[in-house]
Amino acid sequence: MATYTKQDILRFLKEQSFMTLATVSPDGAPHVVVLLYAVDDDLSIYFMTHEDSRKAANLSDSNTVSLVVWEHKKMSVQIEGTAEAITDEQKKDAVLGALAEAGAKREDFWPPIFRIRGGAYAVFRIKPNRIRCLDLAGDHMNEYHTPFTDLDISV
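Counting along the sequence shown from 1, when you hit position 57 you're at 57 in the working numbering, and nothing is skipped either side.
Wrong hints could be hidden among the right ones.
Heads up, simulated PhoX-like pairs for lysine-lysine below, C-alpha to C-alpha not over 25 Å straight-line [claimed, not checked]:
no., residue 1, residue 2
1, Lys6, Lys73
2, Lys105, Lys14
3, Lys74, Lys92
4, Lys91, Lys73
5, Lys6, Lys74
6, Lys73, Lys105
7, Lys14, Lys74
8, Lys91, Lys74
The following label-pair restraints were derived from C-beta to C-beta distances [stated by the list, open to error]:
no., residue 1, residue 2, range
9, Ala29, Thr82, 18 to 26 Å
10, Glu71, His31, 19 to 27 Å
11, Asp27, Thr5, 35 to 43 Å
12, Lys127, Gln7, 18 to 26 Å
13, Thr3, Tyr121, 32 to 40 Å
To be clear, the hints were calculated from the coordinates, so they are not data collected in a lab. Where a beta carbon is used, it is the ideal one built from N, C-alpha and C, also for glycine.
Assemble the whole structure, with the sequences as input and the hints as a guide.
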C-alpha cells in the first residue's frame, strides 16, 4: 500500500487533464460534470466554464465543491474545497494558457467548452481544504490497512 506525499499528488494531478466536479444547486440538487483542469504548485485547481452555465450559477449560490481525478490501476485523488471566480484579466489569461496546455496532452481532443455555444467565459480557482488519495495500483482486498492517504494541507 502506498502512502502519498504532496509531491506525489501534484505530479499525478499534473499528468492528468480531466476531473469530475460536483456542485450543488440552490435547491440542493447535485450537479456533476467532467471538466478540463489545470493545477498549480499549491494544489489549487483551475477550470473555466460559460458564465451562463449551470455550474457557474450553482457556484454563485454555494462555492463548496468536490472533485475527483483518477487513473485506473494508479491513483484516485478526492478534493473538497471552495471555488472562487478569478476576475484579474492577467491571471485569467495565465489560467487559459494552462488549460490549453492541459487540453493539448491528447492530440485527438478538443475541449467541449470551445464547441458549446454560450456567453462569456468564467474562470474559477478551487482552493482545497481536504485532499484524500486512494491507491489503485495494488490489490487491497486482503489488506487490513486502509488504502487511503489523507494529505495534511494545513501547512
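Here's how the hints hold up against the structure:
At roughly 20 Å between alpha-carbon atoms, Lys6 and Lys73 fall within 25 Å of each other, so this suggested pair holds. For the proposed pair Lys105 and Lys14, the alpha carbon gap of about 11 Å is at most 25 Å, so the pair holds. Taking the CA atoms of Lys74 and Lys92, the gap is about 31 Å. The hint is violated against a cut of 25 Å. Using a Cα cut-off of 25 Å, the hinted pair Lys91 and Lys73 is violated, with the two alpha carbons roughly 35 Å apart.
The hinted pair formed by Lys6 and Lys74 meets the criterion: a straight-line CA distance of about 16 Å does not exceed 25 Å. Restraint check: the Cα-Cα separation between Lys73 and Lys105 comes to about 20 Å, which is no more than 25 Å; the hinted pair holds. For the suggested pair Lys14 and Lys74, the alpha carbons sit about 14 Å apart, so the restraint of at most 25 Å is met. Simply put, Lys91 and Lys74 have alpha-carbon atoms about 32 Å apart, too far for the 25 Å limit, and the pair is violated.
Taken as a hint, the range 18 to 26 Å holds for the pair Ala29 and Thr82, whose Cβ atoms sit roughly 19 Å apart. With their beta carbons about 24 Å apart, Glu71 and His31 fall inside the hinted range of 19 to 27 Å. Take Asp27 and Thr5: their Cβ atoms lie about 40 Å apart, and the range 35 to 43 Å holds. For Lys127 and Gln7, the Cβ-Cβ distance of about 19 Å falls inside the hinted range of 18 to 26 Å, so the restraint holds.
At about 39 Å, the beta-carbon gap between Thr3 and Tyr121 stays in the expected band of 32 to 40 Å.
Violated hints, listed in ascending order, are 3, 4, 8; each of the other numbered hints is respected by the structure.
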